[in-house]
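> Each chain, letter by letter, is given below.
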Amino acid sequence: MLVNVKNWYRPESVTGALSVMKKGGVIPYAGGTSFHRGGKITAAGMIDLRKLDLDFIHETESGTTIGACTRFKDIANYDFTDGRKILKEACSQAASTSLRNLITIGGSLSSIPPWSNIPAALLALNAEIEIAGTKASKFGIEKFLTEKPMDGTSLITRIYIPKSSGFGIYYRYSKTRFDYSLVDTAVYIEVKDEKIETIRIAVGNLLPKARRLPNLEESLKGLPINSERIADLVDKLEINPTSSSIASKEFRSNLVKVFIKRAFKQVG
Amino acid sequence: MKINLTINGKSRTLEIHPSETLLETLRNNGFNGVKFGCGTGDCGACVILLNGEPVNSCQILTAAVEAESITTIEGIGSMDKPHPIQEELVKAGAIQCGYCTPGIVLSAYALLKSNLNPSIDEIKNGIDSHLCRCTGYVKIIEGIKNAAERMSSSPKHCFGNKSQ
Ligand SMILES: Cc1cc2nc3c(=O)[nH]c(=O)nc-3n(C[C@H](O)[C@H](O)[C@H](O)COP(=O)(O)OP(=O)(O)OC[C@H]3O[C@@H](n4cnc5c(N)ncnc54)[C@H](O)[C@@H]3O)c2cc1C
Ligand code: FES
Ligand code: FES
Chain F
5 MLVNVKNWYR PESVTGALSV MKKGGVIPYA GGTSFHRGGK ITAAGMIDLR KLDLDFIHET
65 ESGTTIGACT RFKDIANYDF TDGRKILKEA CSQAASTSLR NLITIGGSLS SIPPWSNIPA
125 ALLALNAEIE IAGTKASKFG IEKFLTEKPM DGTSLITRIY IPKSSGFGIY YRYSKTRFDY
185 SLVDTAVYIE VKDEKIETIR IAVGNLLPKA RRLPNLEESL KGLPINSERI ADLVDKLEIN
245 PTSSSIASKE FRSNLVKVFI KRAFKQVG
Chain Y
17 MKINLTINGK SRTLEIHPSE TLLETLRNNG FNGVKFGCGT GDCGACVILL NGEPVNSCQI
77 LTAAVEAESI TTIEGIGSMD KPHPIQEELV KAGAIQCGYC TPGIVLSAYA LLKSNLNPSI
137 DEIKNGIDSH LCRCTGYVKI IEGIKNAAER MSSSPKHCFG NKSQ
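Residue numbers (this note's numbering), protein chains in the order written: chain F, 5 to 272; chain Y, 17 to 180.
Do not take every clue at face value.
Residues from chain F that face chain Y, not an exhaustive set, calculated with beta carbons under 10 Å [said to hold, decoys possible]:
| # | residue |
| --- | --- |
| 1 | W12 |
| 2 | F39 |
| 3 | R54 |
| 4 | P228 |
| 5 | N230 |
Don't read these hints as lab results, they were simulated from the structure.
A virtual CB, placed ideally from N, CA and C, is assigned to each residue, including glycine.
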């Protein structure tokens, strides 16, 4: 419920937005899709981020920089050619066509609903999140998800995705095309001399918080990419997903294993 | 607060409350083709075109779309002059209660404007925001496919200005 919202601010710069936020009682508005699911918004004002020029995707020497207000639609349409296409896939499969025209990457990182498809993708890509304001800093994605630094006087401004010369694979499972996913899995693999050199596996939607699987990653490193041991090691993965009326723990945990094995088959 | 918008090609200045959704603003101003279904982004009944792109108007606060361009079903076709997409949906038997139809027509319009030869999968993706409680989608997809074929012979007459 937004009945308390009485003021609307349209700053034209990040500094302008932060100075309104400092006064308190206001919240940022990006895609706006998180405000209509019940729950009361106590803020009396909204700061519109749509005119801050934070909707862009730039290439730099080290990778891709994405403005916080970039919509899923624009990321889904962007031509990522290397492992970064994990993010393109995540954004093109999330929600629905009309919602992807609204939802922003920054809004998704600030609210992080358990069904969000952004955290797993960014974990597998080792992304960094830039924040301006009282918590101004660049956070590695894992630290960002653990510390949840958004404090009402900071703004997410940019997301950095390092160049990712390896393979990027992303899977999302939902019961119908437009439904919250029960599991999403992002796998990034670099292969050298037929062996797994770098591996990052991240899972989302089935635990309270998306996370990497460091033990499994460690055990897979150095194995030949076609090794039969990969499937055995993945089968041994112990993960304790939440269960719900539509998906049991066993079903979700099995899905993750199937997705990870499928990713290796795709690469091998 | 006041807001300036273009609705169906006409400039409008409207008095709104900062907490008002675009769905509420449009319906309060006589654009009743925009339907309220769920209010949570799940059903697609409220879909309109914002700068030519389908969006859920129940998910947008009107204050956020200052100076932007909106197209509702009223800007696409009328009883006297229905749009080919509307005609083909009728012919295909894709309309029963019709509650989902305005949103679906607008999503189909945006899809066909960028792709007049969509595959069945592309049509399914293009209307993935919409729930229809009556028809079961097969006829909706058929109607959109037929509209695409018909419109590809004279696309210029089927699409309005750039922002639609
Ligand atoms: C029906 C439905 C289905 C959905 N399905 C999916 C799905 O399958 N996968 C998925 O990934 N997402 C999905 N979403 C989107 C998700 O639930 C959130 O609504 C969305 O991620 C919020 O992004 P937004 O840009 O709309 O942010 P907003 O709603 O504008 O903001 C979200 C929060 O972040 C704050 N905020 C916004 N931008 C910033 C910023 N730059 N810095 C600091 N704070 C900020 C706001 O104040 C607010 O508290 C779905 C949404 C709906 C309505
Ligand atoms: S009323 Fe907007 S999606 Fe249902
Ligand atoms: S025709 Fe009734 S909901 Fe679609």
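> So which hints don't hold here, by number, going up?
4 and 5
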